[in-house]
Every structure is written in structure tokens, then in C-alpha cells.
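Take the sequence shown: its letter number 70 is residue 103 in my numbering, and every next letter is one higher.
Treat the hints as calculated values from the structure; they're not laboratory data. Check the hints yourself; a few may be wrong.
[Said to hold, decoys possible] Derived lysine to aspartate or glutamate pairs resembling EDC-like cross-links, with alpha carbons at most 20 angstroms apart: (1) K160 with D204; (2) K107 with E131; (3) K160 with D182; (4) K107 with E161.
[Unchecked claim] With beta-carbon atoms standing in for the labels, derived distance ranges: (5) R171 with G68: 22 to 30 angstroms; (6) E54 with A198: 45 to 53 angstroms; (7) R208 with T67: 33 to 41 angstroms; (8) T88 with L156: 35 to 43 angstroms; (9) S91 with R207: 50 to 58 angstroms; (10) T99 with A198: 50 to 58 angstroms.
Glycine included, each C-beta is placed from N, C-alpha and C at the ideal position.
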Amino acid sequence: MAIVVSALACVLLGACAKKEEALAITHVAVIDGTGAPAQPDMTVLIERGRITAVTPSSSANIPWRTPILDARGKYLIPGLADMHVHLTAAGEPGGSREFMIPLLLANGITSVRDMGGYLESLLPLRKEIEANARLGPRIYLAGPYLDGDPPSFQPSLVVTNTTQAAQDVHDLLRRGVGFY
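Please construct the entire structure, taking both the sequences and the accompanying hints into account.
Structure, rendered in C-alpha cells:
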């Protein structure tokens, strides 16, 4: 059975936990997500947190002292995106950090779209991840639901008219949500 190497391999393995460090993943079959066949025996060079080269392993130019991860028999795929999560449904204050985030990373998910949750938990979590203080996927979030009275779900902002709805949307955008 072939094993998939996530695009987060360098971070998860601790080989390049700092963005200024590098990692070469050698002898890996690359699946680029375009529908093209897998490219066997490739070397992927990651520098400063970015993929800088994808070349055949036989002609790869690996900088001196770059850590090497031999991935023979494995596949490298692009990071996956989960487009409908509720991170704060995992039981706050620790559920997202202790359970959801590690589970997402273990499955190669590098971006999530949180469709409704508590900003008081989500904003600090996103900030920790962006500051490299915690491993985790890139988080796009909507914040609380905009709902009628009585609200069907929590967290919700109760909206009863268009003026209030516009005010709530502007406030959420000011606080850092990416969509509503």
C-alpha cells in the first residue's frame, strides 16, 4: 500500500519548522492535482515555506546541508481544503486545538473554511497559526451565524431588519471574518 506524503511533511516532521529552513523530498511520485498522471521519482525542494523546485530526482540540485526526506514508494499531493467545518463545535476552549486541528493536519488538510463559530475562539487560533506559534491549516471564517429571532443555532447574531443586518456584517468584517 502506498503512503501519501502531505505537503506539510517538512513541518510535521520538524525538518523545517522555521520558514527560513529547507527540505528536499526525494524519490517521490508527485500528483499535481491537474489530472495528469503521477510523475515518478521526483525531488521537491521546499525553501522558506515555499516549494521552489520540482525536478526529476536524477537531476535535482539540492543545496548543501539541506535535510533530505527519502520518500521512495510514497506520493506527494497538494494540500487539501475542507470547505465546510465548524472548528468550535469540537468543544471549546480546547477541542479545536487538541482534537480538530491535529486531525485535519494528519489528513493533509492545509486550508479550512469555518462556516460558523465563536470568534472569541477562532480569531486567537487563526492568529497562533499565522504567527507559526501552532501548526494548523489556513483558516477562513464566517464567525457567528446571522439568524432570525429566535436563532436556530449558536453562536448567532439575531437580525430582525436590513439596517441591523448591514451593521452586523460590517462589524464582522472589521473583526476579521473573510466571508458571511
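Each hint, compared with the structure:
| no. | hint | in the structure |
| --- | --- | --- |
| 1 | K160 with D204 | 19 angstroms, holds |
| 2 | K107 with E131 | 28 angstroms, violated |
| 3 | K160 with D182 | 32 angstroms, violated |
| 4 | K107 with E161 | 31 angstroms, violated |
| 5 | R171 with G68: 22 to 30 angstroms | 24 angstroms, holds |
| 6 | E54 with A198: 45 to 53 angstroms | 47 angstroms, holds |
| 7 | R208 with T67: 33 to 41 angstroms | 37 angstroms, holds |
| 8 | T88 with L156: 35 to 43 angstroms | 40 angstroms, holds |
| 9 | S91 with R207: 50 to 58 angstroms | 53 angstroms, holds |
| 10 | T99 with A198: 50 to 58 angstroms | 53 angstroms, holds |
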